[in-house]
Amino acid sequence: MKPPVFGKKQVFLPNLVLTLLRTPNSPPNFATFLVPLNLNKLDMRDYLFHAYGIRVHGVRSYIQMSKLTQDKPGSKRPKPRKWFRPKSIKKMMVEMERPFVWPEEPKEFDMWDKSTFDAAQKDREMQEETFRPDFREKPSRERASIAEQAKALLSGEERWRPTPRNDEWDIEGEEEEVETDVQVPKTGP
Amino acid sequence: MSTSIAMRPFARRLLKPARSQHVPPAFLLPSLLAPIQKKCSISSTTANLYPRDNNRERGVSTARRTGLRQPLSVSKTPLPKPVLDPAKRSKVEVDEDHGLWEFFHSKEKPMNTPEEDAEHGRPWCVEELRGKSWEDLHALWWVCCKERNRIATEAFERKRLEAGYGESESAKRDVTVRRTQRAIKQVLTERYYSWQDAEAIAKNDPEVDLSGEGPTYNPSDFVEEYVPEEEVSLGSDVKPEQDIPLEPEVKPEQRSSPTL
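Just so you know, the protein sequences line up as chains A and B, in that order. Mapping the first sequence onto UniProt numbering, position 29 (from 1) lands on 29, and the numbers just tick up by one. Mapping the second sequence onto UniProt numbering, position 118 (from 1) lands on 118, and the numbers just tick up by one.
Some clues are possibly wrong.
Cβ-Cβ distance ranges computed for the label pairs, FRET-style [stated by the list, open to error]:
1) LYS87(A) - THR216(B): 33 to 39 Å
2) ALA118(B) - PRO99(A): 32 to 38 Å
3) PRO3(A) - ALA63(B): 40 to 46 Å
4) SER26(A) - TYR192(B): 55 to 61 Å
5) ALA171(B) - LYS87(A): 15 to 21 Å
6) SER26(A) - ASP197(B): 28 to 34 Å
7) PRO3(A) - ASN218(B): 19 to 25 Å
8) VAL208(B) - ARG85(A): 56 to 62 Å
9) ARG130(B) - GLU125(A): 36 to 42 Å
10) PRO99(A) - ARG65(B): 30 to 36 Å
So the derived list for chain B, only partly shown, Cβ under 10 Å to chain A, looks like this [as the list claims (entries may be wrong)]:
11) LEU68
12) PHE104
13) GLU115
14) ARG148
15) ASN149
16) ALA155
17) PHE156
18) TYR165
19) SER194
20) SER220
Just so you know, these hints were derived from the structure itself, not from any lab. The beta carbon of each residue, even a glycine, is placed where N, CA and C say it ideally should be.
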């Protein structure tokens, strides 16, 4: 086997972040990374060998243009007609000497509290919906419930009665003295 | 078509009722209607002796899946069928010391839980790093680099799986690592500035030779140590052996005559 050839320029404090991606459809001796745009294939090969001891047979790279967005990402109120293209994404696929398979996906996400997370997300979406311009034109969310109640009334399952006021007591049966054994002291004349 | 034009006079003859005696019998019709072969006026050879060209593979096409004209030695061996279900495929053995394991905090799961992500201390501060050597700082920098790769990989996977909470914990961890990196850079910058200052001083220092020939530091002759006058007078007047017998005898000599 040929000894690997590396670049001669020494880089002491590299400041780059690689993100390893899960690629179940590519063969196990291939690994794909998200890399910064200024990284090239030769840098990648040297970095992987010197930092991680991975021998690389070949590197393929491509740059993926991001989609146009209205206004800059993260802006609270995106301005109309202000188009912005986020930074491109560079991916590199390396062919390794030895295969690697990702650890399996966890079956349950209790440790990440997925149920609460999803519920909060759903609630947020419902809240956001009310601010949309077409919210008032759409049928209200209570429509189904109202229809159900009306159906029950019409079929005679339930009887209509007026909504009780807040200051009204619900009196059921005869009045009864509860504290019969208490002697109330007489005060006054 | 040429055949229809050629057929016309025969057909006309056939259809004419007056000359019905000369009409050939019906079984000869196909011969009458046979297409006239075109003859090439230039070439004397007929085209039927050869196929259209000398290509042996004529008619063999991968696009039309025709297959080969003759069977091969492997034709009897059935083709292996691809396993479409990924669960049924044979498992790939991954080496324990594969470099890509360093992109994960653990080998069991692809990402840390928020609790595990939150288990970290404070970043290294500049005061602690000032006493460290370059080798230590460099090693710490690389530890930070790998940790950032790990954090980025796991954060991406968490988002992809829509696993739930944990984004803020990993972001805080990332900030801690970056603060350490910042401290390392600050220490190195400070060192560089002090080295620059030292170089400027050394240029005017007669004891330092920056030419690169011979030793860099050439201390001049001994500079006498500062000794306060009172001590000198005491040492000359009072005999220390009598007053302080516990003290070792060498010391006063040293004090009075350090040049020896």
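Hints violated by the structure (listed by number, smallest first): 1, 4, 6, 7, 9, 11, 19, 20
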